[in-house]
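Asks: Residue numbers (our numbering), protein chains in the order written: chain A, 1 to 154; chain B, 1 to 290; chain C, 1 to 779.
Please keep in mind that the hints were generated in silico from the structure rather than gathered at the bench.
Taking beta-carbon pairs under 7 Å as the criterion, some of the chain B residues facing chain A (in silico):
id	residue
1	1
2	3
3	39
4	55
5	104
6	108
7	109
Keep in mind it's a predicted model, so treat the numbers as computed, not measured.
Where a beta carbon is used, it is the ideal one built from N, C-alpha and C, also for glycine.
Chain residues, written in single-letter form:
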Amino acid sequence: MKIGIKINGKWHENDVEPRLLLVHYLRDVASLTGTHIGCESSLCGACTVLLNGDAVKSCTVLAVQADGAEVTTIEGLARDGNLHPLQQGFWEEHGLQCGFCTPGMIMSACQLLARNPHPSRGEIREGIEGNLCRCTGYQHIVKAVEWAAEHSGK
Amino acid sequence: MIPESFEYHVPKTVDEAARMAAEFADDGKVLAGGHSLIPMMKLRLASPKHLIDLGRVEGLKYIREADGKIEIGALTTHFQAEYATLLKEKCPLLPETARAIGDVQVRNKGTIGGSLAHADPAADWPAAALALDAELKTVSTSGERWIPVSEFFVDLLTTSMNPGEILTAIRFPALPVRSGDAYAKHAHPASGFAVVGVAARVTLDEKGIVEKARVGVTGVSSKAYRASSVEAAITGKAPSSKNLDTASLHAVDGIDLNGDLYASAEYRGHLAKVYTARALALAVERAGGK
Amino acid sequence: MAAKLLGERIKRKEDPRLIQGRAHYVDDIKLVGMLHLAFVRSPYGHARLTAINTGAARNAPGVVAVFTGEDLKGRLGFVPCAVEMDGLKIPEHPCLAIGEVRYVGEPVAAVVATGRYLAADAAALVEVDYDMLPAVTSMEQALEKGSPLVHESLGDNLAFVAKIEGGDWKSVEADPSLKVIRQRMINQRLGPMAIETRGVIASYSPGEDTLTVWSSTQIPHLLKTHLAILNKMDESRCRVIAPEVGGAFGSKLNVYGEEGVACFASRQLGKPVKWIEGRRENLAGTIHGRDQIDDVEIYAKPDGTVVGLKCFILADLGAYHQFLTPGIPTLTAMMVLGCYNIKNVFVETKGVFTNKMATDAYRGAGRPEATYIIERAMDLVARELGMDPVDVRMKNFPAPGKDIVLPTGVNYDTANYQKTLKKVLKLSGYSKLRKEQVRLRKKGKLLGIGLSTYVEICAMGPSSRMPAGGWESGTVRVEPTGKVTVLTGASPHGQGEETSFAQIVAGELGIPYDDVTVFHGDTAQVPMGIGTFGSRATAVGGSAIYYAAQRIKKKMARIAAHKLEIKPGEVVFADGKLQSKDGSKSVAFTEIVTEAYYARQLPPGVEPGLSELYVFEPPNFTYPFGAHVAVTEIDAQTGEVSLRNYFAVDDCGRILNPMLVDGQVHGGLAQGIGQALWEELIYDENGQLLTGTLMDYAMPRARQFPWFETANTETRTPVNPLGVKGVGEAGTIGSTPALVNSVVDAMSAFGVRHIDMPLKPEKIWVHLKQGAMPGRDAA
Ligand SMILES: Cc1cc2nc3c(=O)[nH]c(=O)nc-3n(C[C@H](O)[C@H](O)[C@H](O)COP(=O)(O)OP(=O)(O)OC[C@H]3O[C@@H](n4cnc5c(N)ncnc54)[C@H](O)[C@@H]3O)c2cc1C
Ligand code: FES
Ligand code: FES
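Start from the sequences, fold in the hints, and give me the full structure.
Replies: As structure tokens, this is what we get:
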């Protein structure tokens with residue numbers, strides 16, 4: 001089936017099997033491997049991307065469901081060589097160790113800050129509830145999101 | 001964790017969807033948010049030959065008030081229900097329930113219709129639907145009908161919808177005066193689903209006595225149910241914590257309790273009682289009682 | 001030591017690529033013509049393989065080959081175990097099962113296809129006939145006569161027995177004044193659960209006869225050696241690359257059958273072959289951790305002095321040995337006395353085969369079990385004698401000092417356990433907490449305060465005590481432009497050594513931190529190495545780097561001295577210059593580098609170039625320690641536990657980068673708390689894995705934790721030149737007993753002495769429902 005998806009501002013058109021998962025489309029067809037697969041079972045959040053602005057687990061969305069949609073992945077966050085405040089925050093506050101959960105974590109945090117620009121620590125923890133990290137114990141991730149909230153535009 | 005191949009269909013209208021659902025009633029499935037169906041397809045526990053995606057059907061995503069009732073389109077996401085101002089004002093049980101579901105990503109994609117149609121015994125929406133005496137609207141090639149929620153859940157993953165029928169809307173009574181809603185959940189630490197989830201709506205009379213109580217319980221047995229003996233035991237009584245506790249002891253009367261690795265049947269039953277008391281107490285408090 | 005960058009909070013060099021999705025983990029690598037591998041796995045705990053029909057799979061679209069154990073027989077070696085021990089039974093462990101399957105998830109057949117989806121489709125078409133055999137999953141049953149045998153040929157299920165005995169048990173047992181406290185403690189089975197599952201790409205080039213393997217591994221060099229042996233290839237023709245590794249926690253400190261099969265398939269087919277593990281495969285077929293039953297006897301004087309400890313350890317090894325399987329429980333035995341001056345010890349460890357996945361090193365590897373045993377034991381002593389757990393601990397600590405030898409034979413490098421404990425008591429407001437506890441109890445509220453004071457073993461380790469070498473290599477190469485390349489044989493994967501090693505080298509050479517780049521993980525680039533585990537990367541690998549940098553300095557100083565006409569010993573490295581001590585004479589760092597490479601005016605006897613390899617052999621392990629306090633609240637109606645506060649004071653020796661240390665501690669805490677409260681792999685009596693998905697296996701999530709309050713003391717170790725001890729496991733080791741002690745403390749109002757992990761609410765409720773809490777005000 002022919003589909004078109006705008007990923008990070010750029011149109012991609014491909015003929016895909018209906019069963020192709022969005023995450024595999026992103027990684028294998030569009031060659032954007034920044035989005036990771038940690039469980040393929042909707043529980044770890046490593047595959048989180050924004051689909052028309054909503055954080056979704058791309059291992060639980062069919063590529064055909066995203067036909068015509070806009071997708072933002074971790075590769076699409078930095079602008080003109082400048083890191084997104086969340087990326088910067090993760091760097092400043094040591095919000096990552098192995099980095100495998102990080103792209104999904106950042107995309108979830110993106111969703112959180114879009115809905116709630118100044119979250120409390122508790123709200124940050126809830127906002128990343130769908131994302132597992134085995135390395136950091138989450139505390140530096142919370143700090144990273146706080147950093148981003150403090151340094152975001154406005 | 002890769003689904004088997006299938007044919008993908010994208011109806012644009014409810015009629016078209018109903019026609020497709022009829023055509024592929026034997027080996028097809030409709031897809032809503034996909035957050036129960038796609039995981040099952042990946043495990044190859046479900047392998048439909050035809051997948052009918054409701055995602056592009058016009059007019060199934062809405063939350064509106066009509067005739068003193070709240071009507072929600074089946075394709076409305078958990079997230080939309082969680083944040084809808086109308087619901088927060090008129091039917092607060094719904095946003096509170098929505099918020100208890102899974103995580104942000106799941107709520108962004110999963111739908112209220114999909115959850116009710118799926119009838120997972122540990123899902124959250126069924127408890128709220130039961131506590132609110134919801135009605136569910138279905139459409140098929142032979143027309144539409146409203147099913148009272150009391151007749152909707154049949155068994156584990158089974159509803160009274162016929163093959164080829166599509167759930168299009170759910171209707172809830174708005175919160176009456178002197179009433180309060182509450183949802184109390186003990187979530188499974190791994191899956192996030194309800195080990196026990198209790199939804200309650202309590203209406204007090206002018207003297208502060210319980211005029212009406214509705215309690216929906218999920219997670220506890222093969223399907224969600226209304227705890228009618230709890231409702232009966234508290235109706236007409238003062239909502240003291242003692243009375244609420246005593247009434248809640250009936251939360252699992254006549255119920256065949258589930259047991260699993262996380263919680264035995266006995267413990268689940270106990271949790272159901274405790275959470276019933278908590279949901280009732282919170283609902284009473286919100287109704288303005290003490 | 002002129003190392004001014006050390007100790008600073010410096011942002012990580014590895015992060016820019018990781019936060020932008022530009023790093024490459026195994027699954028991100030694509031090679032031309034790459035094929036995909038999928039495994040068919042046993043759904044049964046124990047069965048005979050009677051027939052495998054691969055016909056339908058072979059004919060499925062895109063399928064290139066299907067292999068079974070029979071196809072590999074004699075052509076691919078066995079999965080290796082590196083542990084040597086007297087009397088250890090080592091069963092043959094084929095990469096694909098031959099004749100019999102012994103655990104759920106054991107690979108039975110391998111399908112190679114042109115695409116990931118096609119490989120999965122075809123794997124579903126392989127038909128395997130199984131003849132069910134009785135399984136055994138309980139260790140105690142496995143040791144009984146007449147038990148089903150995991151390996152018929154071994155005669156029984158006992159893999160080994162090991163004993164440690166020290167002190168004078170005759171007089172201990174004869175002393176009637178001693179209290180004897182007995183407790184069985186179960187240390188449940190866990191999944192390491194790196195968020196990146198395992199993955200491998202094997203790429204064989206028939207023309208060159210070379211094999212290149214990308215694997216998500218902690219030990220590229222060891223893996224290379226073993227894959228060469230498995231494939232009967234010259235090691236010189238094999239290369240292993242650990243690209244970005246998405247967490248490991250011990251689970252990738254191994255040589256797995258799937259890696260062998262991928263190499264075999266690539267060699268057969270002459271094409272690159274990729275395998276990426278699914279999460280369900282990961283739960284069933286990546287090594288597990290822990291799984292011990294520990295029967296403990298403690299002998300204490302009425303004043304709280306513990307004079308003896310006996311422990312009978314049953315360690316569930318699973319069905320086969322992986323790389324270090326039988327070695328793990330021996331670490332438990334070694335560390336069982338914890339940080340206490342206990343004169344008499346007896347430990348008997350039995351390794352038992354069962355129809356489960358192998359256990360092996362999981363974060364902490366044997367030490368969390370030891371700490372759990374001794375820290376629970378100290379609380380039991382306190383309880384029995386009516387003492388405060390703090391007092392019992394203080395009473396039994398050795399005096400602060402160096403070289404403390406225990407009857408288990410361990411030799412603690414440096415110790416000051418009093419200091420960390422005092423610090424955590426202050427940090428947590430311990431005495432206030434105790435008062436609050438009393439107040440709350442009167443209101444029927446259950447507050448628990450749990451303590452653990454641990455010592456652990458890091459910087460693995462002297463080669464004499466390690467199964468496969470304990471040294472580490474470091475190379476420092478100053479390139480002709482003056483930029484510095486650092487190569488480490490340790491293969492970090494999240495610990496941040498690209499940053500801390502650059503800190504070490506930049507500090508030593510007096511050059512900008514940004515001029516130093518650290519590489520690791522590629523056996524073709526890094527000459528030799530062991531890997532990252534057991535908190536060894538910085539302590540051992542960093543020391544190798546440090547010494548390699550000293551060699552570079554020595555050489556550069558000679559060249560500079562020649563030029564400046566001073567003595568080499570007078571040359572100081574600072575601010576990008578080599579200068580005399582008083583600063584009166586100086587030459588740019590880069591100028592000396594140019595000199596070294598142009599080699600026109602080198603002092604006599606100095607070789608051109610600036611590249612030095614150093615292999616560091618540590619004289620001892622290091623023994624970091626710490627003290628933790630966990631404060632829990634228990635819902636008196638349901639038994640639900642919530643962790644209210646957590647305080648950790650860790651001493652990991654010298655701190656090179658406090659931000660990295662905090663990160664390691666937090667991650668460890670989450671894992672240790674996860675074990676105490678939620679995580680558990682459960683098999684039923686037939687060997688079915690009942691918690692084989694993330695729907696059942698409860699991974700810790702962000703909202704389950706309070707803010708961790710952490711602090712440090714810094715007791716440097718003399719074992720290495722950096723003074724660092726290691727911090728990778730501290731949090732995990734300290735937190736598990738602190739949590740359990742806390743919950744048991746809260747439940748002591750109900751007469752509870754012990755509850756086994758994980759502390760699921762139902763296990764607590766069982767006690768709550770049995771009785772009213774004494775001393776509670778009428779509600
Ligand atoms: C990680 C995770 C955690 C979760 N946690 C929770 C939780 O805590 N609580 C909870 O309640 N749920 C939870 N869920 C389930 C989630 O809420 C699902 O979204 C929901 O159960 C199904 O809705 P859906 O729209 O995704 O339906 P789908 O998956 O698309 O469909 C589910 C089933 O219903 C049928 N169906 C769907 N829509 C219709 C319709 N309009 N008419 C007729 N049939 C229809 C489909 O054919 C299918 O059989 C979780 C899911 C995941 C992946
Ligand atoms: S890979 Fe999608 S949630 Fe884990
Ligand atoms: S940084 Fe490794 S899983 Fe989060």
